[in-house]
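In the order they appear, the protein sequences are chains V and X. Take the first sequence: its letters are residues 1 to 300, numbered as in this note's numbering. Take the second sequence: its letters are residues 1 to 300, numbered as in this note's numbering.
Don't read these hints as lab results, they were simulated from the structure. Mixed in with the good hints, there may be bad ones.
Think about it this way: if two alpha-carbon atoms lie no more than 20 angstroms apart in a straight line, the pair counts; the simulated EDC-like pairs of lysine to aspartate or glutamate are [unchecked claim]:
| # | chain 1 | residue 1 | chain 2 | residue 2 |
| --- | --- | --- | --- | --- |
| 1 | V | Lys4 | V | Asp259 |
| 2 | V | Lys201 | V | Glu3 |
| 3 | V | Lys286 | X | Glu280 |
| 4 | V | Lys243 | X | Glu274 |
| 5 | X | Lys189 | V | Asp259 |
| 6 | V | Lys34 | V | Asp59 |
| 7 | X | Lys243 | V | Glu274 |
| 8 | X | Lys243 | V | Glu280 |
| 9 | X | Lys189 | V | Glu223 |
| 10 | X | Lys286 | V | Glu280 |
| 11 | V | Lys114 | V | Asp125 |
| 12 | V | Lys2 | V | Glu223 |
| 13 | V | Lys243 | X | Glu280 |
| 14 | X | Lys201 | X | Asp163 |
| 15 | X | Lys87 | X | Glu75 |
| 16 | V | Lys189 | X | Glu223 |
| 17 | X | Lys34 | X | Glu274 |
| 18 | V | Lys189 | X | Asp259 |
There are 2 protein chains.
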Amino acid sequence: MKEKVKITEVGARDGLQNEKAFIPTNVKIEFIKKLIDASLSHIELTSFVKASSIPQLADASEVSAHFVRQSISQEFSCLTPNLQGYKSAIEHGYKEVAVFTAASNSFTKKNINKTIEESIQAFEDIFLEASKNNVKVRGYVSTIIACPYEGWIDPDKVLGVIDRLLDKGVYEVSLGETIGKAIPSQVEKLLNLILKKHPAKLFAGHFHDTYGMGIANTSKSLEMGLRSFDSSSGGLGGCPYAKGASGNLATEDLLYLLDTHGYETGVDLNKIVEASQYIESFLGRKLMSKSYQALLASKI
Amino acid sequence: MKEKVKITEVGARDGLQNEKAFIPTNVKIEFIKKLIDASLSHIELTSFVKASSIPQLADASEVSAHFVRQSISQEFSCLTPNLQGYKSAIEHGYKEVAVFTAASNSFTKKNINKTIEESIQAFEDIFLEASKNNVKVRGYVSTIIACPYEGWIDPDKVLGVIDRLLDKGVYEVSLGETIGKAIPSQVEKLLNLILKKHPAKLFAGHFHDTYGMGIANTSKSLEMGLRSFDSSSGGLGGCPYAKGASGNLATEDLLYLLDTHGYETGVDLNKIVEASQYIESFLGRKLMSKSYQALLASKI
Numbered sequence: 001m002k003e004k005v006k007i008t009e010v011g012a013r014d015g016l017q018n019e020k021a022f023i024p025t026n027v028k029i030e031f032i033k034k035l036i037d038a039s040l041s042h043i044e045l046t047s048f049v050k051a052s053s054i055p056q057l058a059d060a061s062e063v064s065a066h067f068v069r070q071s072i073s074q075e076f077s078c079l080t081p082n083l084q085g086y087k088s089a090i091e092h093g094y095k096e097v098a099v100f101t102a103a104s105n106s107f108t109k110k111n112i113n114k115t116i117e118e119s120i121q122a123f124e125d126i127f128l129e130a131s132k133n134n135v136k137v138r139g140y141v142s143t144i145i146a147c148p149y150e151g152w153i154d155p156d157k158v159l160g161v162i163d164r165l166l167d168k169g170v171y172e173v174s175l176g177e178t179i180g181k182a183i184p185s186q187v188e189k190l191l192n193l194i195l196k197k198h199p200a201k202l203f204a205g206h207f208h209d210t211y212g213m214g215i216a217n218t219s220k221s222l223e224m225g226l227r228s229f230d231s232s233s234g235g236l237g238g239c240p241y242a243k244g245a246s247g248n249l250a251t252e253d254l255l256y257l258l259d260t261h262g263y264e265t266g267v268d269l270n271k272i273v274e275a276s277q278y279i280e281s282f283l284g285r286k287l288m289s290k291s292y293q294a295l296l297a298s299k300i
Numbered sequence: 001m002k003e004k005v006k007i008t009e010v011g012a013r014d015g016l017q018n019e020k021a022f023i024p025t026n027v028k029i030e031f032i033k034k035l036i037d038a039s040l041s042h043i044e045l046t047s048f049v050k051a052s053s054i055p056q057l058a059d060a061s062e063v064s065a066h067f068v069r070q071s072i073s074q075e076f077s078c079l080t081p082n083l084q085g086y087k088s089a090i091e092h093g094y095k096e097v098a099v100f101t102a103a104s105n106s107f108t109k110k111n112i113n114k115t116i117e118e119s120i121q122a123f124e125d126i127f128l129e130a131s132k133n134n135v136k137v138r139g140y141v142s143t144i145i146a147c148p149y150e151g152w153i154d155p156d157k158v159l160g161v162i163d164r165l166l167d168k169g170v171y172e173v174s175l176g177e178t179i180g181k182a183i184p185s186q187v188e189k190l191l192n193l194i195l196k197k198h199p200a201k202l203f204a205g206h207f208h209d210t211y212g213m214g215i216a217n218t219s220k221s222l223e224m225g226l227r228s229f230d231s232s233s234g235g236l237g238g239c240p241y242a243k244g245a246s247g248n249l250a251t252e253d254l255l256y257l258l259d260t261h262g263y264e265t266g267v268d269l270n271k272i273v274e275a276s277q278y279i280e281s282f283l284g285r286k287l288m289s290k291s292y293q294a295l296l297a298s299k300i
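With these hints in hand, go ahead and build the complete structure from the sequences.
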């Protein structure tokens with residue numbers, strides 16, 4: 001029997017939030033329908049943030065209303081930066097939310113004007129409510145290897161943040177390599193430290209592809225036992241610290257690796273290509289996933 | 001002291017030969033000057049083939065005349081498919097040539113209308129001349145993991161071809177992952193077999209990035225002891241079997257990995273970016289190296 005790997009599609013949230021031009025809500029909905037059609041079972045739909053901070057996701061309510069309560073086989077999640085966001089999520093019927101912190105104080109300070117510890121404290125109410133509501137909480141830790149302000153991050157610092165999130169009750173920690181600067185030997189060193197203390201099943205790899213290292217870091221993480229990864233259709237998105245650079249690891253590249261290795265994901269690679277083609281036509285630029293481009297090319 | 005890694009820049013040959021529109025000779029020369037300025041010490045300049053088979057490289061003589069005899073610190077090489085090509089190379093003063101075969105009979109048949117064994121026999125004269133002339137011969141083995149006609153290739157078959165080339169006297173075997181379909185676990189399996197029999201210093205990794213796996217396969221090869229890699233500036237080139245797909249592993253992505261890891265290459269990454277920018281302006285499309293794009297973006 002094939003070993004399973006979980007894919008969390010973050011294109012509609014992490015991908016789109018880095019796209020400058022507003023994507024109309026009906027286009028987002030059509031895009032997500034295509035992701036569902038590709039049999040992705042874990043999709044992060046949107047983020048309940050102030051519309052002023054991420055205008056791209058100002059339609060979180062409309063997008064959520066379209067999918068969450070209608071879901072039969074998909075597990076949808078959304079980012080909830082605070083209790084207000086959490087309450088909106090619950091009103092829309094989400095059974096899973098994600099909270100966000102980082103391994104660098106400079107990064108949390110610049111992004112949410114809180115220290116790491118203050119950001120975790122601020123989630124206290126979400127964790128309390130979620131345990132009452134039987135809602136799963138996923139925790140993102142950003143800047144696990146490098147921070148745009150502090151440079152390379154001490155792995156012990158990352159482990160400290162992970163410990164705090166697991167203590168609070170997150171069911172999975174998504175290890176965010178936010179600026180795509182990591183290389184496999186650094187990922188190996190960090191995972192060696194983490195996996196001495198915690199089982200691999202508590203973690204997901206969330207790699208960005210800014211310097212083209214996303215799939216190499218993913219491959220190393222797979223080797224070390226991780227079986228859960230975040231990716232975005234076509235490699236949607238970008239990097240706020242290097243405008244014009246690549247975004248998240250592409251779902252197509254991830255699937256190419258997993259399918260070729262013989263892992264089971266349940267996801268249909270050709271239908272992901274169709275979803276990417278659809279959203280690409282609204283972007284005014286080419287999506288940068290190489291497997292996407294190769295598969296498109298071989299179709300012609 | 002830092003460990004050294006050798007980079008063979010193949011953009012001017014393997015990269016450009018996959019570009020449809022003819023790049024004027026003076027542009028090629030300026031491009032190569034910029035590669036030299038980036039302190040690349042091993043550059044494959046061109047190929048002495050019939051102009052009708054690869055029109056892009058019909059200016060092999062002009063390009064060679066411009067650089068080879070003037071070389072002080074660079075080691076230039078060129079592809080020589082037969083004795084006639086070898087003689088042209090020697091006339092231009094080359095001290096290194098490269099011969100080409102594959103691990104798949106269907107591939108050599110389609111490309112040069114010879115079986116693998118016939119292709120190696122055909123090099124006999126080149127090997128004889130080269131040993132008299134004190135010229136180094138490098139051997140390419142294409143389709144080491146996958147063939148566009150035969151599918152996955154048996155590692156034992158690859159080892160057999162390597163043995164033949166080493167017997168003939170090549171100083172380095174460049175392991176060509178021609179269609180970019182390999183993933184790290186396959187590279188590991190193949191290298192495990194090869195390195196049981198031969199020392200790692202006899203091999204170079206030559207990975208294509210068609211499905212975005214180039215850097216992951218390179219990283220795995222580094223881990224297993226390889227210290228020599230072929231790459232092309234900006235990821236120049238494409239794939240004849242998937243038009244519109246990516247080309248060779250990009251020199252920028254390779255350097256990003258090596259520099260970050262702390263290997264010594266002697267090559268100036270920022271100057272490679274300048275060379276890529278220059279050649280890109282003659283291509284009518286964007287070069288697909290992600291490190292190239294990120295470094296360009298962070299310059300702005």
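Can you give the numbers of the hints that this structure goes against, from lowest to highest? none
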